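Peer 1: Top to bottom, those sequences are chains A and B. If you count the first sequence from 1, you need to add 116 to reach this note's numbering. No gaps in the numbering here: position 91 of the second sequence is 74 in this note's numbering, and each next residue is one more.
A hint or two may mislead.
Stated by the list, open to error - Pairs of lysine-lysine, DSS-like flavour, derived with a Cα cap of 25 Å: (1) A:Lys138 x B:Lys64; (2) B:Lys64 x B:Lys128; (3) A:Lys145 x B:Lys63; (4) B:Lys217 x B:Lys128; (5) B:Lys112 x A:Lys145; (6) B:Lys38 x B:Lys112; (7) B:Lys63 x B:Lys112; (8) B:Lys40 x B:Lys58; (9) B:Lys127 x B:Lys218.
Claimed, not checked - Reference excerpt, derived from the structure (chain B facing chain A, CB under 10 Å, subset only): (10) Arg124; (11) Lys128; (12) Glu188; (13) Lys209; (14) Gly212; (15) Tyr214; (16) Lys452.
To be clear, the hints were calculated from the coordinates, so they are not data collected in a lab. Note that this is a predicted model, so its numbers are computed, not measured. Beta carbons are placed, not taken as given, at the ideal position from N, Cα and C, and that holds for glycine.
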Amino acid sequence: MTTVVCRCEDITEEDIVEAIEKGYDELEKLKRHLRLGMGPCQGKTCLPLARRILGRETGKSVEEMGDPTSRPPSQPVSFSLLASLEESEVDE
Amino acid sequence: MLTFFLIFHNLRKYFYRKPKLENTVLEMSERRIFEHPILDFDRGDEFYFDFEGEKVKAYEGETVASALYADGLRKFTESKKLERPRGFFCAIGKCSSCIMSVDGRPHVRTCVTQAEEGMEVKRHGSKPKFPEVDIGRGKERKEKKIEIAVIGGGPAGLMAAIVSARNGADVHLFDEGDDLGGQLVKQTHQFFGSHEEDAGTRGIEIGKELVEEARDVGVNIHTETKVLGYYEEKKITVEEEGRLTIYDTEGIVYAGGAIENYLSFENNDLPGVYGAGGVQTLMNEEGIVPGDKVLMVGSGNVGVIVSYQLLQAGVDVVEVIEALPEIGGYQVHASKIRRAGVPISTAHTIKKAIGEEKVEGAVVQKIDENWEPVEGTEREVECDVICLAVGLSPDTGFLRQADCEMEYIGELGGYVPLRTEDMMTTRRGIYVAGDAAGIEEATVAALEGKIAGAALFEDLREETEDTRKSKEEAKEGLVPVVLSMRRCADDWGLRPILLNHKKGDLRMSRISILPSSFTKGVNCG
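Take the sequences, apply the hints, and build the full model.
Peer 2: Given below as structure tokens:
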């Protein structure tokens, strides 16, 4: 029986409930412990669902759950792009 | 209220038919739609690309994911740890469920990648290899100074770009897709807004008109680009044509739209469980049917409209289920699908999806007034697609990177940025419009865009006759409702969060309305 919450990182509802029981009771903590929302979609799909589960399990309000930090890149990007040089550094 | 709805006279004849509409012709061997009562799929040249050693047919303009789906592929990738089969989900490049290896490059989102002749596409499974080909170093990085960046080319972004560009600003509009128009390009239904010019026009037409207007007024349009992040001093990084460009902007309108909500139930990740927007993209934009029998989860406007669109495309909608005790969407839409013989079951939820490699059915169950499933009411529904129409959440990652203050507002679908009546966030020069500001619909998005574009222009340059009028006109069509009042970190004092409703919207009655003079007074208290 599998109910997936984070499709990118393969995190199930069971994983989240288990983590909450261990004390990871904020979104940022769940993210650091499980990699929730750290895959290629950057939490776009899983965070609203994780928020609902966290609320159900802990009775916390949305404000108490916190909101994980968003950092660039927001989308999948290739290494070659990040490794590109500044224009002035390019040898002709 | 009903006077705002346009009766779909020209579609009436279809209401009384059984779900399979005669006008829709599917080619037997594939899933492409060749004749449709409303849409005309103008396919380009036919060509082939390689998928794991097999030739797959595609038409110019199709994405890799659509061509593969039309060919019958359902499993696009294998999940990373549990190694479960996955299909596409959102079809607009948000969820990353359709990633494959394209020409040796892993992790390519195939739903936003155009198919090309001779392309080599492979599934990379749960552990993709490092690129097998030399993908080079990337072109040199560039930095460009521009005046206004508009992020997102849906109705909100297009309107914002049009207004600021026609007043003389140097405007650059960035969008991920190859077509602009946002979600409008897949709306085959007519809009029934109180807004005179849009009423009675189908979403697809409004989208096209806006794109044309944007080009006419000189908006610099960047399609197939990815806005990667926000950096200090209003700089944004953008990937376009394989190059990283840093745009140094003076002002930004963020109109990045929304993300489809996901739902938890057993096997909810099986290929065949799709977001309603994903189904719309596939069906109305790409001309490909998602399956034969669809179970629709959610009876809000999206759920009932997409159900009707599925019927138009010749797909059987076996049932619509709704967790609430009543139908969420407008009655006119719900009645249409009921007349077509589709049962709508309220106070029902989905318990599980059945299937190993893809959806082969579903188990639905009644729920009581406390949202608890009622034992013994489980029943199986035969279907090959489970379509989730369970709401949207604003896509606000960019705004959070920009440190705009956010607040969770359930009525707006999640975290939304605090903003003024003019749609400016708590960061000077950063504006927001459309679903990213809170889930509403296309008319509201366009009006918000109009306000944001005009206000940003005034901010950077000066008030003109046109900006003043644009703001006035747009605000006339909206009823701002104060949902929250917060003291901001900047020195501007209290700031209300305004929910913009279209005039005449039913839901308005549920929220108390403060006089607009009140909201004006507190903007810069």
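Peer 1: Does each hint hold? Answer for all of them.
Peer 2: Cross-check of the supplied hints:
1. A C-alpha spacing of about 22 Å is found between lysine 138 of chain A and lysine 64 of chain B, which places the hinted pair at or below 25 Å, so the restraint holds.
2. Simply put, lysine 64 of chain B and lysine 128 of chain B have alpha-carbon atoms about 43 Å apart, too far for the 25 Å limit, and the pair is violated.
3. Of the pairs offered as hints, the one joining lysine 145 of chain A and lysine 63 of chain B holds, with about 21 Å between alpha carbons and a cut-off of 25 Å not exceeded.
4. Of the supplied pair hints, the one linking lysine 217 of chain B and lysine 128 of chain B holds, its CA atoms being roughly 11 Å apart against a limit of 25 Å.
5. For the hint pairing lysine 112 of chain B with lysine 145 of chain A, the CA-to-CA distance comes to about 30 Å; that exceeds 25 Å, so the pair is violated.
6. For the proposed pair lysine 38 of chain B and lysine 112 of chain B, the alpha carbon gap of about 23 Å is at most 25 Å, so the pair holds.
7. Distance restraint check for lysine 63 of chain B and lysine 112 of chain B: the Cα-Cα separation of roughly 13 Å lies within the 25 Å cut-off, and the hinted pair is therefore satisfied.
8. For the hint linking lysine 40 of chain B to lysine 58 of chain B, the alpha-carbon distance of about 18 Å falls within 25 Å, and the restraint holds.
9. Taking the CA atoms of lysine 127 of chain B and lysine 218 of chain B, the gap is about 10 Å. The hint holds against a cut of 25 Å.
10. For arginine 124 of chain B, the interface hint holds, since its Cβ comes within 10 Å of a Cβ in chain A; the closest pair sits about 5 Å apart.
11. Proximity of lysine 128 of chain B to chain A is violated relative to the hint, the smallest CB-CB distance being about 14 Å (cut-off 10 Å).
12. Hint on glutamate 188 of chain B is violated. Least Cβ distance to chain A is approximately 29 Å, over the 10 Å limit.
13. Because the closest C-beta pair between lysine 209 of chain B and chain A is about 5 Å apart, less than 10 Å, the hint holds.
14. The interface hint given for glycine 212 of chain B holds, since its Cβ lies 2 Å from the closest Cβ of chain A, which is under the 10 Å cut-off.
15. The interface hint given for tyrosine 214 of chain B holds, since its Cβ lies 7 Å from the closest Cβ of chain A, which is under the 10 Å cut-off.
16. The interface hint given for lysine 452 of chain B is violated, since its Cβ lies 35 Å from the closest Cβ of chain A, which is over the 10 Å cut-off.
Checked against the numbered hints given earlier, this structure breaks hints 2, 5, 11, 12, 16; the rest are met.
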